[in-house]
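Number of protein chains: 2
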Amino acid sequence: MKEIERKFLLTKMPEIALQSTTSIRQGYISKSLDSVEIRLRQKGDAFFMTFKRGQGLVRNEAEIRIDETNFHYLWPLTQGRQVEKQRSQAPLENGLVAEIDEFSGGLAGLFLCEVEFGDQAQAETFVPPPWFGLDVTEDGRYKNKSLAENGIP
Amino acid sequence: MKEIERKFLLTKMPEIALQSTTSIRQGYISKSLDSVEIRLRQKGDAFFMTFKRGQGLVRNEAEIRIDETNFHYLWPLTQGRQVEKQRSQAPLENGLVAEIDEFSGGLAGLFLCEVEFGDQAQAETFVPPPWFGLDVTEDGRYKNKSLAENGIP
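Protein sequence lines, in the order shown, are assigned to chains L and C.
Counting along the first sequence from 1, when you hit position 113 you're at 113 in the UniProt record's numbering, and nothing is skipped either side.
Counting along the second sequence from 1, when you hit position 151 you're at 151 in the UniProt record's numbering, and nothing is skipped either side.
These are computed hints drawn from the structure, not numbers from a lab.
Every residue, glycine too, gets a C-beta built ideally from N, C-alpha and C.
One or more hints might be untrue.
Unchecked claim - Derived, one-sided and incomplete: chain C residues facing chain L with beta-carbon distance under 10 Å: (1) V36; (2) T69; (3) L77.
To be verified - Computed cross-link-like contacts, DSS-like style, restricted to lysine-lysine with a CA-CA straight-line distance of at most 30 Å: (4) K143/L x K31/C; (5) K7/L x K143/L; (6) K31/L x K143/C; (7) K31/L x K31/C; (8) K43/L x K145/C; (9) K145/C x K145/L.
To be verified - One-sided excerpt, in silico: chain L residues whose CB lies under 10 Å from chain C: (10) I16; (11) S30; (12) V36; (13) M49; (14) N60; (15) I64; (16) R65; (17) I66.
Excised from the complex, chain L in its bound form:
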């Protein structure tokens, strides 16, 4: 099922209480024109490899957990296509949650925030709090894969 999300730029980290901050780094073994996207991801002390192919209805996706040794062994294959960030949660009104990514490394200075909604109506009527910036939901340059390959837009 497709997630209903909106994505916003932040100019800096909000001055509110954040929850459950996790270090994430992810890199892409595949390059942008490949038929399959292969992502390595470390989230805290868990390690994953994800395969995505196709788009829309024929999209298929598979994720496996790998061990730390294999992660470190394969990580160099993602050189030049890596993202590092700290992910935190911030509670919003109406039970919504802002998932905030503070990027580091080559993307230091970039802050993105995603909010997931229960349905399309809720997504459309959502009023962003004042600390949210530009809505970049439809801007492909802010996808992690694009940021990894091309840097900050």
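Fit chain C to the known structure of chain L by using the hints.
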């Protein structure tokens, strides 16, 4: 280090004693124009994922072992790009060994044989036994990846 090998067609399995037959199946998650080759392989009861990128001096290759559950979960991603074969060894003269692949599934009827040499001179002076067929060492259509995608040439 590059292996020095020659590859030959066989018209059928040789009528000599074979050693250590192993079931192999392998499939490619990547497609032929992708920047990285990703191969899944089951060899007996061991399971591997191999990444290959580039050619010649800048080629890099990485292999990890994966568990059976992950292998079965990922195997459908190789649909349409799969090879199944039985691999056996046959002793030759001068301590050489023929590694014989009897293909099955969509490649049934194909038999290939590889011999690995200690150096280039030995490879060039090697006299194939009578049961060897055409030398296809330089014929890319007999690479497993090509066979998987395109079938028997």
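Hints versus structure:
1. V36: Holds: closest Cβ of chain L sits about 6 Å from V36/C, inside 10 Å.
2. T69: Interface hint status for T69/C: holds (9 Å vs cutoff 10 Å).
3. L77: holds (6 Å)
4. K143/L x K31/C: holds (24 Å)
5. K7/L x K143/L: holds (10 Å)
6. K31/L x K143/C: Given that 30 Å is the threshold and the Cα spacing comes to 24 Å, the pair holds.
7. K31/L x K31/C: holds (13 Å)
8. K43/L x K145/C: violated (34 Å)
9. K145/C x K145/L: holds (27 Å)
10. I16: violated (40 Å)
11. S30: holds (6 Å)
12. V36: holds (6 Å)
13. M49: Since the shortest Cβ distance to chain C is 8 Å, the answer is holds.
14. N60: holds (7 Å)
15. I64: holds (4 Å)
16. R65: holds (8 Å)
17. I66: This interface hint holds because 7 Å falls under the 10 Å limit.
The structure does not agree with the numbered hints 8 and 10 stated previously, though it agrees with the rest.
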